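Participant: Listed in order, the protein sequences are those of chains A and B.
Everything in the first sequence is counted per this note's numbering, starting at 1 for the first residue and increasing by one.
Everything in the second sequence is counted per this note's numbering, starting at 389 for the first residue and increasing by one.
Hints may contain errors.
Derived DSBU-like pairs (lysine-lysine); straight-line CA-CA distance at most 35 Å [said to hold, decoys possible]: (1) A:K128 <-> B:K425; (2) B:K455 <-> A:K227; (3) A:K63 <-> B:K406; (4) B:K425 <-> A:K63; (5) A:K384 <-> A:K165; (6) B:K406 <-> A:K336.
No wet-lab data here; the hints were simulated from the structure.
Computed from a prediction, not measured in an experiment: that's the story for all the values here.
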Amino acid sequence: MKIEYDIIVVGAGPAGSMAARFAAEKGVSVLMLEKDRDVGYPVRCGEAISKAGVEEFISSDEKWITAHINKFSLNSPDGSEAVVEFNDAGYVLERRIFDYELAKTAANAGAEILTRAYVNGLLIENDKVCGVKYEYRGEQKELKAKIVIGADGVESRIGRWAGLKTHIHFKDMECCAQVTASNIKIDSDTLYFYFGQQYAPGGYFWVFPKGKNIANIGLGVSGMVGKKRSALSYLNNFMDNNYPAAPVLTSIAGGVPSTVTLKKISSPGIMLVGDAARQVNPLSGGGIASGMIGGSIAGRIAGEAVKMNKLDHILTYDKAWHERLGKRHETFERIKNGIYNFSDEKFNKISHSFNKIPKDKRTLGRLFTTALINQPSLLVDIAKVFVI
Amino acid sequence: MFRQAKNGKLMIEILPDKCDFCGCCVGVCPEDAIELKEAEIFIIDKRCTNCAKCVWSCPIEVIRFNKEGVSL
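All chains, full assembly: derive it from the sequences and hints.
Facilitator: Quick look at the structure:
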């Protein structure tokens with residue numbers, strides 16, 4: 001350990017690891033702090049990701065791939081199924097191994113990593129963040145840094161301490177409950193989604209294969225729904241009805257900040273990445289790939305800023321993120337709001353209409369077009385983000 | 389000793405033994421009133437305004453109102 005670092009990254013998830021790696025690749029000193037004992041554990045995630053999302057940062061490796069995905073199965077309340085086929089679209093990951101490997105790429109680039117280090121405050125001088133306060137094995141410590149990168153997840157507090165408005169409205173919080181269960185007999189190349197009031201009002205229920213009849217099963221509902229009924233009770237209901245005898249290997253809660261990126265994700269001495277910056281795709285709730293992209297942009301810019309000895313350079317991060325993905329997420333958010341609160345009948349109708357389209361033309365873009373045919377303003381948005 | 393309900397409003401209680409430490413409540417708390425470590429969670433008493441957003445966003449029913457006030 002050094003007594004001072006150029007850059008401290010708080011949180012060792014995919015976004016934090018990429019921030020640490022891309023900064024370290026610029027030849028500056030980087031320390032990544034993780035509050036938990038292990039990088040990659042516990043896993044609070046559906047673990048699905050597109051192949052392109054992964055391969056921008058790490059070569060595909062069977063040791064963290066549990067399933068290769070070729071199809072989406074979208075299930076409506078009346079039991080009708082719409083299937084969208086892709087060719088080699090993506091993976092279901094073993095996140096505990098995947099995150100660990102990502103952290104290793106940061107270490108290989110020269111970043112230092114310290115687990116069991118719980119950051120509980122920032123050092124601030126002249127309105128500029130200049131380090132962190134943290135607890136390590138029962139001892140309170142301080143560490144100076146030129147730039148702090150907050151990758152501290154959905155529960156992020158770092159931004160607040162720096163004066164950025166990061167708290168998330170409870171209606172935008174997708175509250176998730178999930179299990180990993182065995183004896184689940186599903187196609188190992190298909191992601192299953194369930195929509196409707198009984199499954200996950202305003203959200204979706206997922207059953208994602210992890211090979212060998214194991215599946216990651218869970219759902220997310222808005223805090224608005226949670227006011228009346230918890231995610232856990234929907235999950236228990238689904239498991240009782242569909243897989244009453246399935247042995248449950250893991251069971252955990254999680255949260256997804258399902259909204260557009262924060263207005264401001266950098267400020268003197270500080271940058272936010274991943275869930276902490278709300279860089280999740282608000283339509284899918286997926287945040288691994290977009291978090292890695294956010295982390296890589298922030299890490300690169302932070303490294304450059306230190307190298308140039310021009311720390312104001314980090315303020316260009318907001319724009320760089322917005323152009324790469326932030327703008328696109330705003331489009332996704334509009335589409336999400338268009339389909340949010342669809343009734344069960346509407347989901348059924350969409351599925352029936354979609355299944356009348358010739359099989360080879362059943363794309364995701366077509367599906368959304370079918371869903372939003374009565375909202376022409378959104379069709380432009382769909383054209384923007386899906387190849388129809 | 390009891391933490392009394394402020395202005396007669398409902399009080400909020402986290403049941404740490406049942407908690408998964410997922411952070412939903414921390415994310416939605418407008419007052420930065422929840423401290424969450426690896427496997428430790430508590431409400432920062434003097435900041436909590438009993439707004440209940442944490443109760444609504446808890447996926448696994450670990451946070452609840454306690455009308456009588458919460459014993460410390």
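Participant: When the hints from earlier in the document are held up against this structure, which numbers fail?
Facilitator: Violated hints: none at all, because every hint is consistent with the structure.
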